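Engineer: Chains A and B, in that order, give the protein sequences.
Under my numbering, residues 55 to 495 are what the first sequence spells out, in order.
Under my numbering, residues 55 to 495 are what the second sequence spells out, in order.
There may be inaccurate statements among the hints.
Because identical chains share one entry, a pair is satisfied inside a single copy or across any pair of copies.
Derived lysine to aspartate or glutamate pairs resembling DMTMM-like cross-links, with alpha carbons at most 20 angstroms apart [stated by the list, open to error]:
1) Lys99 - Asp81
2) Lys301 - Asp339
3) Lys99 - Asp82
4) Lys135 - Glu169
5) Lys135 - Glu192
6) Lys89 - Glu169
7) Lys490 - Glu421
8) Lys476 - Glu487
9) Lys301 - Glu139
10) Lys272 - Asp241
11) Lys99 - Glu465
12) Lys415 - Glu464
13) Lys426 - Asp489
14) Lys272 - Glu230
15) Lys476 - Glu136
No lab work stands behind these hints, which were simulated from the structure alone.
A quick note: this is a predicted structure, and the numbers were derived from the prediction, not measured.
2 protein chains.
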Amino acid sequence: MGSLDTNPAAYAAFAADVEAFQPLNADDVRSYLHKAVDFVYDYYKSVESLPVLPGVEPGYLLRLLQSAPPSSSAPFDIAMKELREAVVPGMTHWASPNFFAFFPATNSAAAIAGELIASAMNTVGFTWQAAPAATELEVLALDWLAQLLRLPASFMNRTAGGRGTGGGVILGTTSEAMLVTLVSARDAALRRSGSNGVAGLTRLAVYAADQTRSTFFKACRLAGFDPANIRSIPTGAETDYALDPAKLLEVMQADADAGLVPTYVCATVGTTSSNAVDPVGAVADVAARFNAWVHVDAAYAGSACICPEFRHHLDGVEREHIRSDVAMAKTFEDLVRGDDRFEVVVPRNFALVCFRVRPRKPDTAGEAEAEKASRELMERLNKTGRAYLAHTVIGGRFVLRFAVGSSLQEERHVRSAWELIKKTTTEIVAGAEEDKTRKKV
Amino acid sequence: MGSLDTNPAAYAAFAADVEAFQPLNADDVRSYLHKAVDFVYDYYKSVESLPVLPGVEPGYLLRLLQSAPPSSSAPFDIAMKELREAVVPGMTHWASPNFFAFFPATNSAAAIAGELIASAMNTVGFTWQAAPAATELEVLALDWLAQLLRLPASFMNRTAGGRGTGGGVILGTTSEAMLVTLVSARDAALRRSGSNGVAGLTRLAVYAADQTRSTFFKACRLAGFDPANIRSIPTGAETDYALDPAKLLEVMQADADAGLVPTYVCATVGTTSSNAVDPVGAVADVAARFNAWVHVDAAYAGSACICPEFRHHLDGVEREHIRSDVAMAKTFEDLVRGDDRFEVVVPRNFALVCFRVRPRKPDTAGEAEAEKASRELMERLNKTGRAYLAHTVIGGRFVLRFAVGSSLQEERHVRSAWELIKKTTTEIVAGAEEDKTRKKV
Chain A
55 MGSLDTNPAA YAAFAADVEA FQPLNADDVR SYLHKAVDFV YDYYKSVESL PVLPGVEPGY
115 LLRLLQSAPP SSSAPFDIAM KELREAVVPG MTHWASPNFF AFFPATNSAA AIAGELIASA
175 MNTVGFTWQA APAATELEVL ALDWLAQLLR LPASFMNRTA GGRGTGGGVI LGTTSEAMLV
235 TLVSARDAAL RRSGSNGVAG LTRLAVYAAD QTRSTFFKAC RLAGFDPANI RSIPTGAETD
295 YALDPAKLLE VMQADADAGL VPTYVCATVG TTSSNAVDPV GAVADVAARF NAWVHVDAAY
355 AGSACICPEF RHHLDGVERE HIRSDVAMAK TFEDLVRGDD RFEVVVPRNF ALVCFRVRPR
415 KPDTAGEAEA EKASRELMER LNKTGRAYLA HTVIGGRFVL RFAVGSSLQE ERHVRSAWEL
475 IKKTTTEIVA GAEEDKTRKK V
Chain B
55 MGSLDTNPAA YAAFAADVEA FQPLNADDVR SYLHKAVDFV YDYYKSVESL PVLPGVEPGY
115 LLRLLQSAPP SSSAPFDIAM KELREAVVPG MTHWASPNFF AFFPATNSAA AIAGELIASA
175 MNTVGFTWQA APAATELEVL ALDWLAQLLR LPASFMNRTA GGRGTGGGVI LGTTSEAMLV
235 TLVSARDAAL RRSGSNGVAG LTRLAVYAAD QTRSTFFKAC RLAGFDPANI RSIPTGAETD
295 YALDPAKLLE VMQADADAGL VPTYVCATVG TTSSNAVDPV GAVADVAARF NAWVHVDAAY
355 AGSACICPEF RHHLDGVERE HIRSDVAMAK TFEDLVRGDD RFEVVVPRNF ALVCFRVRPR
415 KPDTAGEAEA EKASRELMER LNKTGRAYLA HTVIGGRFVL RFAVGSSLQE ERHVRSAWEL
475 IKKTTTEIVA GAEEDKTRKK V
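Model the full structure from these sequences, guided by the hints.
Structural biologist: Right under this line is the structure:
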């Protein structure tokens, strides 16, 4: 990096090595990695005590590092020093057990070690020959997943009878998966509707609930769908913010009647906003009437679906992890429900609790006051560095999201966050009362 | 994994731990990582002696591992044993100094250590707040890169005068970069041509030389361009297989005359096939006549462009690495040119040499014989496990690609691959003579 430190002795020793430049010398690899492992160990040991959200201002790093590119490489120890002194103090610690924002960042010792080895082998598996083991492991792992999710044998690459009709690929993100399936559905719909090239694209329509993650609407634009034909179907409290198949049918039928080609429906199992679960079966039935494809986005809650049906198979530990997350979220939900200053806004499905400060009166002023208090609660909590949670908007209301499940999280972290929430709310209410009194005086 | 081993004692000890499931326990992280580091060290120490291409048949791994998903996690030592016994023997070793296929897989001790740390911190930098240090490092690194490439100040996020007008993002692959720029150019062209929604998409046209990597033509399809308007401009020996601006102008003008909207030209600095260099400046001049955007794909050769202009700035080691690659490729090219059984097919630009067995007669039969011999040479070489190189087709001819530059490569590897090539060619020629003699008899 930049750099912070210009210890001349370290640079001199390093410069002597430059002539025999060996970027991948095995002894250096081992020595650097041992230092990195020490860092990682210290990091996990201390992450709980670090502020979850760092107290830095935008531009802090630009002030620490030089704006011109370094004119020579720095010794590895200097990079590690800069990591500790410049980077760590400016990181949001997703691995912290006090992180309740977005979705939990899960990780494991085995996963980190596996990534290290993959990074060192550094292969590109674009054909079987380019990395046979990588290709075959992917095929095998996806067949395992199909079995864990009890998908029909038609989803398998290999079945007991030999070569199957299915298979799949592992993609980097759920956004990539959406783009890939949208493009496939788009081209299938163009062929089916007898389009000359992409001339028929303006007639294709796609559908999703308004709670669907924004990446869906972005992926539609990437794939070239007409903005006028990207339907965001409104949801409400009556379906717990899940997609209503009757409404979907109505919108799709109207499009078909108007000469459009219903092409693709995105159903979500566990929406980002509130973990709503779209009724996949009923949605698929509606889509089938129009030969539209259905994409199931289960990026968050998918792994939980392994549990119920596989009680007898999965006696291992992974199941336990998911259950423990859900149990912790249930504990938090009970705590929130037990304090009448708060309300749980939508029923909890998995390990996410959506709550807010309860309005004191069910009118516009009451709503505004509740939003102000909820927002202030979030900001004050996050500023402490002792917890980090994010918000969403459901049915026009500002709602706090308490997401449980990061790998280091235990019940005590959930309980201590709750204590902080209660205490902070008391302070906010007291402050508001003082304000009122002052105004009256 | 599957697994190969079911040591009951190891499983029993592990099962006892299951109740207190701590996937990210710091002591486990350290212990697993130390084992992974030992593996990586041994791997780099031995990779030169491993067959570059493994001698496995498709399906080998499916026969080693069970087809049903594992019913419980395995201890880490068993995963490491499976890695050594099932995965390594089925890997193509991109890190091997005897790997001359595709493009060199470069890596460094510092890069591997950095990836380890990033993987352990496991953050998602989708907003500044979600990872301030990650966001700011990206901004800074790209400004450094802009300076190294001597781009105009308008490309910078921050300039001496404060906030600049430029900036960029780091993408995972060159394919992603193509898609992102294609979509942006597409939407700009739609706006500029007064399209109602995407109705004007059928009129947009895109351009690239026929040597452009196939990912470009795929990205065009992803972005919804009409297959009929994706122009692959023929190249030939007269421009060393680079894009000819005069031909480009002709094709773009014809499209414009026909009412199409020239939208995007992809120029490549160092094509995958033969490292041809499209004349970026002249291409940009042609594109500008039609307000079309120009994308420069310098995924392979881009970093080499840092060198010449920055001789006085870059006294560091990276420059040295690039130069040493090019010098080794030059050595190989000289060896090929010195043996009249071979010919260098296109002039070498960077660290890739494209050669083939020279036809004995400049007729169809001679060409066919040369292709047969070149193909057999590649297959026999790759089968030895002592070298791995790939091929391409240039101007209808089957050509061997010898790509230099992977991090562990030294001149002795290049020379020893050349000895192998000579010896194998002698055997092939002797075999062919014997065949002829036998036929005559």
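Engineer: If a hint holds in the structure, say so; if it doesn't, say that too.
Structural biologist: Do the hints match the structure? See the list:
In this assembly of identical chains, Lys99 and Asp81 lie within 20 angstroms of each other by CA distance solely across copies; the values are 9 angstroms between and 27 angstroms within a copy. Taking the closest pair of Cα atoms, Lys301 and Asp339 come within 20 angstroms of each other only inside a single copy of the chain (13 angstroms); across copies the shortest separation is 53 angstroms, beyond that limit. Proximity of Lys99 and Asp82 under a CA criterion of 20 angstroms is satisfied inter-copy only: 12 angstroms between copies versus 26 angstroms inside one chain copy. Proximity of Lys135 and Glu169 under a CA criterion of 20 angstroms is satisfied inter-copy only: 16 angstroms between copies versus 23 angstroms inside one chain copy.
With identical chains, the CA atoms of Lys135 and Glu192 are at most 20 angstroms apart between copies only, with a shortest distance of 19 angstroms across copies and 38 angstroms within one. Taking identical chains as interchangeable, the C-alpha atoms of Lys89 and Glu169 lie at most 20 angstroms apart whether they share a chain (17 angstroms) or sit on different chains (13 angstroms). Taking the closest pair of Cα atoms, Lys490 and Glu421 come within 20 angstroms of each other only inside a single copy of the chain (17 angstroms); across copies the shortest separation is 93 angstroms, beyond that limit. Taking CA atoms no more than 20 angstroms apart as the test, Lys476 paired with Glu487 passes inside one copy only; the shortest distance there is 16 angstroms, against 90 angstroms between copies.
Proximity of Lys301 and Glu139 under a CA criterion of 20 angstroms is satisfied in neither setting, with 55 angstroms inside one chain copy and 55 angstroms between copies. In this assembly of identical chains, Lys272 and Asp241 lie within 20 angstroms of each other by CA distance both inside one copy and across copies; the values are 18 angstroms within and 13 angstroms between. For a Cα distance limit of 20 angstroms, the shortest separation of Lys99 from Glu465 inside one copy, 18 angstroms, qualifies, whereas the shortest one across copies, 45 angstroms, does not. For a Cα distance limit of 20 angstroms, the shortest separation of Lys415 from Glu464 qualifies neither inside one copy, at 36 angstroms, nor across copies, at 77 angstroms.
Proximity of Lys426 and Asp489 under a CA criterion of 20 angstroms is satisfied intra-copy only: 14 angstroms inside one chain copy versus 89 angstroms between copies. In this assembly of identical chains, Lys272 and Glu230 lie within 20 angstroms of each other by CA distance both inside one copy and across copies; the values are 11 angstroms within and 15 angstroms between. Taking CA atoms no more than 20 angstroms apart as the test, Lys476 paired with Glu136 passes in neither setting, with 38 angstroms inside one copy and 50 angstroms between copies.
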